[in-house]
Amino acid sequence: MKLERDFYIRDTQTVARELLGKVLVHNVNGKIFSGKIVETEAYLGIIDKAAHSYGGKRTKRVEIMYGPPGRAYIYLIYGMYYCFNVVTKEEGTPEAVLIRGLEPIDGISLMAKNRFNKELSQLTNAQLKNLTNGPGKLCQAMELDKRLNGEDLCGDTLYIEERKVESFNIINTKRIGIDYAEEAKDFLYRYYIEGNSYISKTK
DNA sequence: CCCATGATGCCCT
DNA sequence: GGGCATCATGGGT
Numbered sequence: 001m002k003l004e005r006d007f008y009i010r011d012t013q014t015v016a017r018e019l020l021g022k023v024l025v026h027n028v029n030g031k032i033f034s035g036k037i038v039e040t041e042a043y044l045g046i047i048d049k050a051a052h053s054y055g056g057k058r059t060k061r062v063e064i065m066y067g068p069p070g071r072a073y074i075y076l077i078y079g080m081y082y083c084f085n086v087v088t089k090e091e092g093t094p095e096a097v098l099i100r101g102l103e104p105i106d107g108i109s110l111m112a113k114n115r116f117n118k119e120l121s122q123l124t125n126a127q128l129k130n131l132t133n134g135p136g137k138l139c140q141a142m143e144l145d146k147r148l149n150g151e152d153l154c155g156d157t158l159y160i161e162e163r164k165v166e167s168f169n170i171i172n173t174k175r176i177g178i179d180y181a182e183e184a185k186d187f188l189y190r191y192y193i194e195g196n197s198y199i200s201k202t203k
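Okay, so the first sequence: first residue is 1 according to full-length UniProt numbering, each after it adds one.
Calculated from the structure, these hints are not laboratory results.
For clarity, every value in this text was computed on a predicted model and none was experimentally measured.
Yeah, the Cβ is synthetic: ideal placement off N, Cα and C, and Gly gets one too.
It is possible that some hints are incorrect.
[Claimed, not checked] In silico BS3-like cross-links for lysine-lysine, where the CA-CA straight-line distance does not exceed 27 Å:
#1 2 to 118
#2 49 to 31
#3 31 to 129
#4 164 to 49
#5 22 to 164
[To be verified] If you anchor each label on the Cβ, the simulated ranges turn out as follows:
#6 61 to 157: 20 to 28 Å
#7 169 to 57: 34 to 42 Å
#8 5 to 49: 37 to 45 Å
Given the sequences, and given the hints that come with them, work out the whole structure.
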């Protein structure tokens with residue numbers, strides 16, 4: 001079952017938590033990539049110094065965060081990697097959830113090619129674990145880039161669905177890589193599935 | 001295991 | 001011109 005607009009319009013921390021265990025799907029002209037979401041972070045906009053939209057900042061790059069919920073916000077970071085986010089809350093409220101870790105499901109051979117330019121059978125064990133266990137890595141594996149910025153996740157190209165319900169424990173910690181964000185760096189806005197091997201950083 | 005470093009481009013001031 | 005919601009690599013322990 002594909003997630004509908006109502007899923008995304010809710011409180012951002014709730015969406016971040018409930019995205020765990022759901023499956024992100026990218027259909028590239030019939031080539032299907034998918035992976036189970038195992039790690040997320042909430043970015044809350046106005047009061048959150050770690051968010052691009054902090055203080056209501058509204059520039060061309062951040063504009064998507066102000067738009068309707070259930071769309072993709074994808075931006076280039078450090079000149080060479082992309083980060084994939086899901087826009088939440090009602091239009092006008094610039095919040096989003098960053099997807100930080102996936103457990104690969106469909107299209108794993110193509111992911112191996114995209115990430116390491118190798119056949120799946122040629123990957124080392126370390127490379128297998130490194131296919132999608134980080135925000136930049138999963139974008140490279142799943143072919144997510146700037147062209148998909150603003151893509152509607154309620155469409156047929158890029159979407160999130162619930163395949164089966166399973167139970168797991170959720171760990172809630174500080175976010176990663178935002179040491180500049182002063183008090184906001186200590187906000188407990190990161191969520192991940194306990195024990196999953198595709199978490200970007202343990203601890 | 002850990003830590004340090006370089007790659008590289010776009011945004012924003 | 002500074003900085004960034006990252007990653008791979010290389011060397012030391």
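Under the criterion that the straight-line Cα-Cα distance not exceed 27 Å, is the pair residue 31, residue 129 satisfied? Roughly 22 Å separates the two Cα atoms, so the pair holds.
Taking the CB of residue 5 and the CB of residue 49, does the distance hold inside 37 to 45 Å? At 29 Å between Cβs, range violated.
I want to verify a distance hint. Is the separation of the beta carbons of residue 61 and residue 157 within 20 to 28 Å? holds (22 Å)
Distance restraint between residue 164 and residue 49, which requires alpha-carbon spacing of 27 Å or less: violated (36 Å)
Take the C-alpha atoms of residue 22 and residue 164, compute the straight-line distance between them, and say whether it is at most 27 Å. holds (8 Å)
Pairwise hint evaluation, residue 118 against residue 2, where the allowed Cα distance is 27 Å at most: violated (32 Å)
Tell me if the straight-line CA distance from residue 49 to residue 31 falls inside 27 Å. violated (38 Å)
Falls inside 34 to 42 Å, the C-beta gap from residue 169 to residue 57? holds (36 Å)
Violation of the numbered hints given earlier is confined to hints 1, 2, 4 and 8; the remaining hints are satisfied by the structure.
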